[in-house]
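These protein sequence lines are chains Y and V, in that order.
Counting the first sequence from 1 gives a position; the numbering used here is that position plus 1.
Counting the second sequence from 1 gives a position; the numbering used here is that position plus 342.
One or more hints might be untrue.
Stated by the list, open to error - No more than 20 Å apart at the CA atoms, straight line, and that leaves these computed lysine to any residue pairs for SDA-like:
#, chain 1, residue 1, chain 2, residue 2
1, V, K419, Y, R56
2, Y, K43, V, G457
3, Y, K43, V, A463
4, V, K542, V, A527
5, Y, K145, V, A448
6, V, K419, Y, T57
7, Y, K43, V, A451
8, Y, K145, V, H444
9, Y, K43, V, A448
10, V, K419, Y, H53
11, Y, K43, V, G413
12, V, K419, Y, D51
13, V, K419, Y, L71
14, V, K542, V, P497
15, V, K419, Y, D74
16, V, K419, Y, P73
17, Y, K43, V, R406
18, V, K419, V, F462
19, V, K393, Y, P98
20, V, K393, Y, D139
21, V, K419, Y, R70
22, Y, K43, V, P464
23, Y, K43, V, I460
24, Y, K43, V, S458
25, V, K393, Y, Q140
26, Y, K43, V, D410
27, Y, K145, V, H440
28, V, K419, V, E431
29, V, K419, Y, A50
30, Y, K213, Y, A91
31, Y, K123, Y, L181
32, Y, K185, Y, L196
33, Y, K43, V, A459
34, Y, K145, V, A451
35, Y, K43, V, A461
36, Y, K43, V, D456
37, Y, K43, V, A455
38, Y, K43, V, F462
39, Y, K43, V, D407
40, Y, K43, V, V403
No lab work stands behind these hints: they were computed from the structure.
Only a predicted model underlies this, so the values are computations on that prediction, with no experimental measurement involved.
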Amino acid sequence: MLKRKACELSNRWVRLGVVGVSALAGLALIGLYAFDRPIPLKFLLVAVADGHIARTPSRIAENRPEAERLLPDCRSAYGLPIFGAGDTLALRVGSPPESFWLPLLSRQYYLLVLVPESSDLKVFTFQESGNRSGADADQQLAFKLVIPEGPDQSNLLMVMARRYEPFEANQIEHDLHAKLDSLKPSSRISSAGNLLSKITSNSLIYVFRTSKEAQCSSRE
Amino acid sequence: MFVARMRTIGLIFAIGVALASAVRALPAIAAPAESGRSYEFPFERGADRLKSDSRTSDQVVSVRDLFDHHGWRPELKFRIEAALPGGCEASLGCAEAHLLQHRVQALLAAIEADGSAIAFAPGNLWWGGASRANAGDDDVLRIFVARGLDPPRNPRCSADIEIADPELPGIDAGGASPWVLANPAQAVAVSPNARMRFVKRDPAKRLQISLSDPQGLSDIGPAGASEEFGLVFSGDSLAIQIEDPSSADRAAQGGCLFRFERWHR
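So here's chain Y without its partners, still in its complex pose (with noise of 0.2 Å):
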């Protein structure tokens, strides 16, 4: 009797336990899933003040909201897009919404990251994500850039994004300069795109020109 009693005891507890480790099993693997998730970043039209509606990254006249007018698509001889110094680059991103409870599990970080092959590389944090709070992931974050004077040069500009916890912008920006600062001009883009891809996974590149003249027909 007590033997019965007993071994009904033992097999109750090994249904729980069985129960309970595939709980936390499920439980593991839709956080993995929640956290690791892709995020399929994309690039996004941006309501220009002048009346224009442009895919971004764009070329913008000022940096007044109330006075941005688009200036004309200005590319080089390889089809590489060009800003002189003065232009601000418009740029817009966002990423699809999500299912109704994947955005309480994680919020969405950003991070932007210029290379120039010669001047000194910048890393930004989205203002509209906050630095440590994160963006929701239907939010779409923006961010202008007032290209400085100085050689002409190619530039790689990268978006960053990902979930559970903020970039360390300091950090990347030390182990960028460590990596780069002895390369020559030539080689520090296509290094610091294999840097930043080993961070992480979600990212858009965008690689464009700066040159002390517009060489487009531009401000008048």
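Dock chain V against the given chain Y, drawing on the hints supplied.
Quick look at chain V alone, frame taken from chain Y:
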């Protein structure tokens, strides 16, 4: 016995197909192509948030479909507009224009939320203001079509094809003709209600038209100076070739081909 029954079934099927084609052609005859479809988006008063209801969601999906199929066409320019105070429509310098810009951005976000990027021809999408007197409700964005650049005409063709499609938004500047030149370079998506007409470059010439499908056109009959047809799809695409029987160079005319795809399947 069996053969007779199969014949009867075949006959019923053929009549059914013929009836279906006729019914599909009916809207093309009945629908006034002059009034384009209305695409309207109500916003919360004084805010840049789209009112969320099922009609707005349906409209967003429709506009996504519209831009997906027609955003590349240089002959069409899409304009998103709303009422603005007098004097501000041109300069877009007032506070209301600033709010309108934010609303347009919110609408674009909703349209682009799902799916891949929409391929617009450069300069094909604009936003702006209409004078309050003509625009109606201040808190509603509307989409209109303005004429863009005519598509490159095929020099081998003795005629062009023009399309009036009531599923496209109304052409702005009230009373403007709804007819738009079809692009011979790329297949144009048309709804089942679209009408077409041939515009001969030499009105005296007799042209020969061949179709990829014998049921491709429904003759609506003469309207004004030209004859109009409804485009009837039995498949997903339709090709129309125009030939000039009087021309000696028949081989060169093989290139005068217009292609259409069914839109709103």
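Tested hints:
{"no.": "1", "hint": "V:K419 to Y:R56", "result": "holds (15 Å)"}
{"no.": "2", "hint": "Y:K43 to V:G457", "result": "holds (10 Å)"}
{"no.": "3", "hint": "Y:K43 to V:A463", "result": "holds (18 Å)"}
{"no.": "4", "hint": "V:K542 to V:A527", "result": "holds (18 Å)"}
{"no.": "5", "hint": "Y:K145 to V:A448", "result": "holds (18 Å)"}
{"no.": "6", "hint": "V:K419 to Y:T57", "result": "holds (19 Å)"}
{"no.": "7", "hint": "Y:K43 to V:A451", "result": "holds (12 Å)"}
{"no.": "8", "hint": "Y:K145 to V:H444", "result": "holds (16 Å)"}
{"no.": "9", "hint": "Y:K43 to V:A448", "result": "holds (16 Å)"}
{"no.": "10", "hint": "V:K419 to Y:H53", "result": "holds (11 Å)"}
{"no.": "11", "hint": "Y:K43 to V:G413", "result": "holds (18 Å)"}
{"no.": "12", "hint": "V:K419 to Y:D51", "result": "holds (16 Å)"}
{"no.": "13", "hint": "V:K419 to Y:L71", "result": "holds (17 Å)"}
{"no.": "14", "hint": "V:K542 to V:P497", "result": "holds (13 Å)"}
{"no.": "15", "hint": "V:K419 to Y:D74", "result": "holds (18 Å)"}
{"no.": "16", "hint": "V:K419 to Y:P73", "result": "holds (17 Å)"}
{"no.": "17", "hint": "Y:K43 to V:R406", "result": "holds (16 Å)"}
{"no.": "18", "hint": "V:K419 to V:F462", "result": "holds (10 Å)"}
{"no.": "19", "hint": "V:K393 to Y:P98", "result": "holds (18 Å)"}
{"no.": "20", "hint": "V:K393 to Y:D139", "result": "holds (17 Å)"}
{"no.": "21", "hint": "V:K419 to Y:R70", "result": "holds (19 Å)"}
{"no.": "22", "hint": "Y:K43 to V:P464", "result": "holds (18 Å)"}
{"no.": "23", "hint": "Y:K43 to V:I460", "result": "holds (11 Å)"}
{"no.": "24", "hint": "Y:K43 to V:S458", "result": "holds (8 Å)"}
{"no.": "25", "hint": "V:K393 to Y:Q140", "result": "holds (18 Å)"}
{"no.": "26", "hint": "Y:K43 to V:D410", "result": "holds (16 Å)"}
{"no.": "27", "hint": "Y:K145 to V:H440", "result": "holds (18 Å)"}
{"no.": "28", "hint": "V:K419 to V:E431", "result": "holds (18 Å)"}
{"no.": "29", "hint": "V:K419 to Y:A50", "result": "holds (18 Å)"}
{"no.": "30", "hint": "Y:K213 to Y:A91", "result": "holds (19 Å)"}
{"no.": "31", "hint": "Y:K123 to Y:L181", "result": "holds (12 Å)"}
{"no.": "32", "hint": "Y:K185 to Y:L196", "result": "holds (16 Å)"}
{"no.": "33", "hint": "Y:K43 to V:A459", "result": "holds (8 Å)"}
{"no.": "34", "hint": "Y:K145 to V:A451", "result": "holds (18 Å)"}
{"no.": "35", "hint": "Y:K43 to V:A461", "result": "holds (13 Å)"}
{"no.": "36", "hint": "Y:K43 to V:D456", "result": "holds (11 Å)"}
{"no.": "37", "hint": "Y:K43 to V:A455", "result": "holds (10 Å)"}
{"no.": "38", "hint": "Y:K43 to V:F462", "result": "holds (15 Å)"}
{"no.": "39", "hint": "Y:K43 to V:D407", "result": "holds (19 Å)"}
{"no.": "40", "hint": "Y:K43 to V:V403", "result": "holds (19 Å)"}
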